[in-house]
Amino acid sequence: MANEVCPCPCDIGDKFEYGGLGEEVQIEHIKAYVCKPQCSSDKAIIVVQDIFGWDLPNTRYIVDMLAANGYIAICPDFFVGKESWSPAGDWATFDEWLKIRPARKTNKEAEVTLKYLKEKCSAKKFGIIGFCWGGIVTHHLMLKYPELKAGVSVYGCCTGAEIEDALPDQI
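Numbering (my numbering), first residue to last: 6 to 176.
Some hints could be false.
Said to hold, decoys possible - Derived pair list, reagent style SDA-like, types lysine to any residue, alpha-carbon separation capped at 25 angstroms:
id, residue 1, residue 2
1, Lys36, Asn112
2, Lys130, Ile32
3, Lys154, Pro42
4, Lys129, Ser89
5, Lys113, Ala97
6, Lys125, Leu153
7, Lys120, Pro92
8, Lys125, Met70
9, Lys120, Asp60
10, Lys87, Lys154
11, Lys125, Pro92
12, Lys113, Asp82
13, Lys104, Pro92
To be verified - Computed beta-carbon distance windows for the label pairs:
id, residue 1, residue 2, range
14, Pro42, Lys110, 17 to 25 angstroms
15, Glu101, Cys44, 30 to 38 angstroms
16, Gly25, Ser127, 19 to 27 angstroms
17, Ser91, Pro42, 29 to 37 angstroms
18, Ser91, Lys125, 16 to 24 angstroms
19, Ser127, Asp95, 20 to 28 angstroms
20, Glu116, Gly75, 19 to 27 angstroms
None of these hints come from the bench; they were simulated from the model. From a predicted model like this one, the values you see are computed outputs, not experimental measurements. Note that beta-carbon positions come from the ideal geometry of N, C-alpha and C, so glycine has one too.
From just these sequences and the hints, can you work out the full model?
Below is the structure:
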């Protein structure tokens, strides 16, 4: 639970010891973890990491699980090489850490990911799921990219004012 000592209620929980079934790829300026289903599919899901990063085994497990259910699944490094939050980090510095990882400045990474999915994976239908920080990214990208037809934000929220700022001319 959030309090003065721990302003963010995030916790890594149990860290899986998991190697993954997919592969790391370079997509223009970012790395990503991608896993494809055994059978051909034109449906893709973008997985947006929480504060603990795109390379957390727990996140890769989610990507692999989606692929096992017939989706091309990809988790790009939306932090673009910047260090993920450490569970041992000083929560008093969290706001400063977060300032250089703005959830609403992820359009470039979304665009190159969508391009990769279309050109390299032949995807035609797109969804997105985000956890914690990635949930806020999910809200943002769902408002910006109409080709994302389904979105799930897992404990990442936006206020009404933030949504109005995202699309002031459409609300």
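Do the hints match the structure? See the list:
1. Lys36 x Asn112: Roughly 15 angstroms between the alpha carbons, so the hint for Lys36 and Asn112 holds.
2. Lys130 x Ile32: Cα-Cα ~19 angstroms, so holds.
3. Lys154 x Pro42: 20 angstroms, holds
4. Lys129 x Ser89: 31 angstroms, violated
5. Lys113 x Ala97: 30 angstroms, violated
6. Lys125 x Leu153: Distance ~18 angstroms between Lys125 and Leu153 Cα, so the pair holds.
7. Lys120 x Pro92: 33 angstroms, violated
8. Lys125 x Met70: 21 angstroms, holds
9. Lys120 x Asp60: Distance ~21 angstroms between Lys120 and Asp60 Cα, so the pair holds.
10. Lys87 x Lys154: 29 angstroms, violated
11. Lys125 x Pro92: 35 angstroms, violated
12. Lys113 x Asp82: Answer holds: Lys113 to Asp82 is near 12 angstroms, not above 25 angstroms.
13. Lys104 x Pro92: Given that 25 angstroms is the threshold and the Cα spacing comes to 18 angstroms, the pair holds.
14. Pro42 x Lys110: 17 to 25 angstroms: 31 angstroms, violated
15. Glu101 x Cys44: 30 to 38 angstroms: Violated, since Glu101 and Cys44 (Cβ atoms, about 46 angstroms apart) do not stay within the stated range.
16. Gly25 x Ser127: 19 to 27 angstroms: 22 angstroms, holds
17. Ser91 x Pro42: 29 to 37 angstroms: 33 angstroms Cβ-Cβ, so the 29 to 37 angstroms window holds.
18. Ser91 x Lys125: 16 to 24 angstroms: 32 angstroms, violated
19. Ser127 x Asp95: 20 to 28 angstroms: Violated: the Cβ-Cβ distance is about 45 angstroms, outside 20 to 28 angstroms.
20. Glu116 x Gly75: 19 to 27 angstroms: 25 angstroms, holds
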